[in-house]
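**Student:** Each chain, written out:
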Amino acid sequence: MENFMKKISFSPFAHSGDSVKKAMLDVIIALLPVVLASILFFRTDSVLLLVATVGSAIIFEYLSRKVLKRYNSVDDLSAVVTGLILALTLPPATPIPIAIFGSFIAIVVVKQLFGGLGNNIFNPAAAARGFLLIAFSVPLTTWTNPATAAYVDATSSATPLAIVKSIMLNIKAGDLEVAKEAYNTFISDPSHLIQLLFTGNVAGSIGETSAIAILIGLIYLVIKKRIHLEITLTYVLTSFIVSLIIGLIYGFGLLFPLISILSGGLLFGAVFMATDWVTSPNTKKGRIIFGVGLGVLTIVIRLFSNFPEGVLFSILIMNMIVPLIDRHTKNRIFGKVKKNEKK
Amino acid sequence: MKKFSFKGGTHIHKAAEKKNLTVSSEVEILKSPEYLYLPLNQQLGKPSIPIVNVGDQVKAGQKIAEKDGAFSSNLHSPISGTVEKIDYLINEPTGNRSKAIVIKNDFNNQEIAFIKRSTQEALGLTSKNITDIMEEAGLVGLGGATFPTSIKYTGNKKCEMVILNGIECEPYNTADYIIMKKHYKEVIRGLKYMLIASGAPKGVICVEDNKMDVYEAIKNELKGEPAISVALFKEKYPQGAEKQLISALTKKEVPYGGLPIDIGIIVNNVGTAMALCEAVEEGKPLTHHYLTVTGNVSSPKNYLVPIGTLFSEVVSEDDLAKNKVLLAGGLMMGKAMYTTHTPVTKGINAVICLEDMPNKGPELPCVRCSSCIDECPAFLEPTTLANLVKYNKYDQLEENGLLACIECGTCSYVCPSHIQLLDYIRHGKYELRRR
Ligand code: SF4
Ligand code: SF4
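As given, the protein sequences belong to chains A and B, one line each in that order. Using the working numbering, the first residue of the first sequence is number 10, and each one after it goes up by one. Using the working numbering, the first residue of the second sequence is number 32, and each one after it goes up by one.
Calculated from the structure, these hints are not laboratory results. Incorrect hints may appear among the rest.
Partial list, computed: chain A residues near chain B (C-beta under 10 Å) [stated by the list, open to error]:
#1 M14
#2 K31
#3 P290
#4 H337
Each pair of labels, with its calculated beta carbon distance range [as the list claims (entries may be wrong)]:
#5 T153/A to H44/B: 34 to 42 Å
#6 Q427/B to N315/A: 38 to 46 Å
#7 E247/B to L264/A: 55 to 63 Å
Note that beta-carbon positions come from the ideal geometry of N, C-alpha and C, so glycine has one too.
Construct all of the structure, not just a fragment, from the sequences and the given hints.
**Tutor:** Now the structure itself:
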């Protein structure tokens, strides 16, 4: 007469249906415009890099989990995301073995040896890319023009960032006049330059050149609520302001900050790498500090250090202090008065 | 139109459809079942003490158990009949096995003489009169908390405002909606008596914007009632949680570990207001209430049931056979019952059948997405709390705000890694209590 129910558990008895896999799938979809742009501009170079990096990332994920006797996590698609992001940050002429070695660093060393997805301190793609840059600095700073190239300076195939960088070196050497002249040549056709930077028809890492493709991805992530927008916004805005100030100091004018945020993988980093859930802070407050820190560091490293690019290293440095940020930016608990508001 | 809302919380997938199962179906008045099982601890606090013996004849409305001190409540028989047993017979819906009085219906429907009052007379009562009535009628918080009502009104802190909670943010439940739809006049009068009892100058009835019809009806009825108003809230879970409701309406937060009265507010459920109105005007104790029976059942609807009715009276064998899960209370904050041999108590306003348990796993590592943090209405870090519990760092739980957790389940609901965060947190609370 008594009827016994078959399943007992504890509240809540509902779940949003969300999963890590769905989240990763959304990131992959958001990356598609960037992937397409890279293939459009860099053709086979891009396809080969993407296939090699993503494929090897999946294999490394599978093998390392097997060796470490953990459950198979290929299914969560995070390895695909890491592989994609890593490939998209590589120069088109990167030798394939180096790209595959990058996958190894990202998946095995940075992710699995730190405990797997969720426990890694560094963004795997950023860390691997940074490692490759130091270990293989020549191939990773050799740029080729897009297949469709129509770049301002067709002979050198220098990236816009490299040009800015060389201008900064001039300043460092005290040749302010030379610098100014170089800068003025660089921006001699501003609307064309900005147009190139937006579409991405310039030399650079295969996925980092097209601002438009990155922005489409960003919009998708925002619609799907997969991104902590405050990181991207504060990052880009801070970079803009810091470059504006520096630009004003050296008399570069208002185009300088715009070039600054549209070049050198800043947008790509701000949308796809800095916002990585695992390696960014817990609370909104923390994420704003994180974004501001990224912006300042990126521009400072970019302009005043010997490294060609500031995005990667600023992300890695900020990744490192995330636990510290988390500890000091906890939300005020409901019903508790903030310490400094106590009478 | 101004709509209030709180910080945090989540939108529950297809919540509207779940309510639609029962919003428009006719209310069935359950003819009294043969046996009623009346547990003695249907309230937060001490169990009541039986004042009848096995074999006694009782009438409908007769007190059968007396409150044990202030933090307890009276219990009355909803029907006339004989006391069959008084023993540990049954699990009440909180999962505790508690002593219950079993009454066998004699179907004679004999009632005790109720003391009736006209509205006019009732409005002339004093605060003490009304709190006495609350106590005598065995009123407890009918939103689910079962806090003895009279206690809220007999403290010595000054009350500035009485808030009636008609939010009902649990996705399936519609019993409060039915109360406001059918009995909004009684609800408003009940609030007036609450204002007398509390001495508060102001009363606000709170309704979520998925119940516009009752909002309009109440608003119309309140024309020319300066002391009472109705406020509209955005649909979001858990808007109905007492502290989140207060902060949305008044922008004031109940202090950590405190009660609403600490900031001059009393919150009661709309059902409690209706029960108070009946107690004051009809002299009737709390013996019946509305119950939403819904989910995967052949005819989901609201019932008016005597308290003590077994779930098996409202969930048929066929319906049961189709389902693996039986919930008492609600989808988000209810409890899973293992049998329909469970009585409806004062705090239970919904019985929900689910075909299967929602996906609860496998639990993957936290990917630090911050969803649980961004959406916790108590502004906690559920993932941090869960980790502290996992690694036995119980001493750090308190400083991380464990006790502010209202167990709304939002964190477990949103986690993409299927981490049962609330389960960890409950374990943490248990460990803290044990220490
Ligand atoms: S920690 Fe508690 S209050 Fe916060 S979402 Fe989880 S159950 Fe709700
Ligand atoms: S919702 Fe789950 S995965 Fe996201 S931060 Fe909280 S515990 Fe981690």
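**Student:** Enumerate the violated hints, using their earlier numbering and listing them in ascending order.
**Tutor:** 4, 5
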